[in-house]
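Undergrad: For reference, the chains in residue letters:
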Amino acid sequence: MIKIENVHKQFKKLKALDNINVDFNKGQVVSLIGPNGSGKTTLIKSILGLVKPDNGQILFNGISTDKDISYRNQIGYMPQIGRYPDNMKIGQVFQMIRNLRGTDHKIDEELFYRFKLDTMQDKTMKSLSGGTRQKVSAALAFLFDADVLILDEPTAGLDPIASEVLKEKIIAEKKKGKLILLTSHILSDLEELTTDVLYLQDGKVVLYNSIKELYDLTGEDKLSKAIAYVMKNGNQQQEFHYRKIANG
Amino acid sequence: MLKISKYVLYDILRNRVVLAYTAFLLLVSLSLFQMEENSSKAVLSLLNIVLIVVPLVSMVFSTIHWYNSYEFIELMLTQPVSRKKVLLSEFAGIGSSLVTAYLVGVGIPVVLYNFDSTGIALLLIGSLLTLVFTSIAFFASIKSRDKARGIGAALLLWFFFALIFDGLLLVILFAFSDYPLEKVIMVLSSFNPIDLGRIYLMLQMDVSALMGYTGATYKDFFGSSAGMIYTFGTLLLWMIVPLLLSLRSFSKKDL
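Protein chains in written order, with my numbering: chain L, 1 to 248; chain Y, 249 to 503.
Do not rely on the hints blindly, as some may be mistaken.
Subject to a maximum C-alpha distance of 35 Å in a straight line, what follows is the list of computed DSBU-like cross-link-like pairs (lysine-lysine) [to be verified]: (1) L:174 <-> Y:251; (2) Y:501 <-> L:89; (3) L:89 <-> Y:254; (4) L:204 <-> L:225.
Please keep in mind that the hints were generated in silico from the structure rather than gathered at the bench.
Keep in mind the model is a prediction, meaning the values are calculated, not measured.
Let's have the full structure, built from the sequences with the hints guiding it.
TA: Written out as structure tokens, the structure is:
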């Protein structure tokens with residue numbers, strides 16, 4: 001469904017994405033995992049067209065995302081830090097986004113009501129706490145029943161109840177056979193959702209496997225342990241590499 | 249596109265700066281027309297104020313508004329809306345509100361006191377200058393990432409067009425005073441929208457008779473319909489070119 005081909009992105013000296021080649025398909029729940037600054041958000045933003053790759057291309061259902069922006073009709077996006085116009089009220093933001101997307105979409109307001117956003121429609125965005133902002137972002141991402149959901153740190157900043165509600169929602173959407181891309185540092189959150197793991201480091205894909213393959217590969221049966229194994233081994237390899245350079 | 253412009257306009261109306269700008273222009277224009285016996289003299293004074301204030305306000309307001317609506321722009325771009333559409337809607341929203349402010353603030357007094365070809369020319373030039381400087385401000389703010397830099401660039405550009413450019417012209421005039429420079433200066437002034445507007449309007453007025461031989465050469469050109477087309481065409485170019493450049497660099501920008 002989403003095909004990423006040879007994507008490079010450089011910010012000044014930092015290589016944020018280094019020759020990424022991956023395929024995401026319907027029915028997958030892909031967890032993007034990696035240390036801070038490994039390029040997870042940059043990859044997500046490239047898919048959305050917010051960041052323009054220096055090289056390579058991203059295809060959505062075979063069409064380059066650079067040429068036609070209508071693919072964004074099929075994406076629900078929840079940013080890591082939701083930023084909204086300060087002066088707008090919650091109700092107005094929802095009204096505006098619905099207005100922009102047009103009326104021929106199915107509307108899914110489950111999260112809107114379960115997060116009780118309907119009771120605070122008249123609050124302005126600048127008066128909201130970080131958690132409530134996250135709720136708004138989440139409700140917006142799921143609002144149009146989109147085929148692809150891209151969730152960047154969805155549970156960060158949410159209280160345990162809201163976090164549980166969101167997870168239930170993600171599982172429900174997974175059952176509908178949607179493609180879901182997730183990033184999170186809380187691996188226990190991902191464990192029950194994910195079908196595939198994409199591990200990034202320094203802008204490179206270290207591994208992209210289904211969760212079963214990952215468990216077989218590492219001999220672990222918990223995501224957190226398996227990832228710890230990968231990180232440790234990855235680091236060992238790197239250290240070895242450095243030692244080789246040092247010894248000349 | 250209209251959908252997005254609607255939200256931009258709504259946001260502009262809420263922060264009341266444009267309303268204050270309208271009131272300011274209205275107050276200045278009305279008091280000038282009240283003070284001067286001869287209304288065409290008042291138009292001349294008004295011209296001088298308009299040529300300073302309109303570019304300044306258009307640039308500073310557009311730049312600040314651009315940075316303040318960054319969140320809005322980001323939100324739009326995660327939706328199925330193209331970058332071109334977002335930029336043009338922003339431009340349409342800001343441009344139309346500033347032009348409306350100008351047409352109300354200066355237009356109403358001019359229609360009341362001095363509604364002739366000079367008055368209409370003043371309104372046209374003022375509106376065009378508003379759009380020209382809004383477009384230049386867009387370019388400056390897209391090119392510079394943080395707010396302080398953007399506003400600094402906008403102010404510098406304004407300073408250049410309002411003051412420094414004229415200084416440079418004077419230097420050239422003095423240095424080459426032995427040569428006939430009328431044509432050269434005419435061409436050079438096309439590089440400054442404010443100067444172009446000023447010369448065009450001055451020559452619509454009676455004061456041009458006082459400008460001697462140079463005035464006569466200019467009057468020959470700017471008084472004719474070719475001169476009018478040239479002036480408005482150049483001003484339109486001044487609006488379109490920065491806007492196209494902004495579109496180009498905005499479509500490549502990372503958010």
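Undergrad: Hey, residue 89 of chain L versus residue 254 of chain Y, does the alpha-carbon distance stay inside 35 Å?
TA: holds (16 Å)
Undergrad: Is the hinted pair residue 174 of chain L and residue 251 of chain Y satisfied, with a Cα-Cα distance of at most 35 Å?
TA: Judged against 35 Å, a Cα distance of about 33 Å means the pair holds.
Undergrad: Quickly compare the C-alpha distance for residue 204 of chain L and residue 225 of chain L to 35 Å and report which way the hint goes.
TA: holds (21 Å)
Undergrad: When you check the alpha-carbon spacing of residue 501 of chain Y and residue 89 of chain L, does it fall within 35 Å?
TA: holds (28 Å)
Going through the hint list in order, the structure satisfies each hint without exception.
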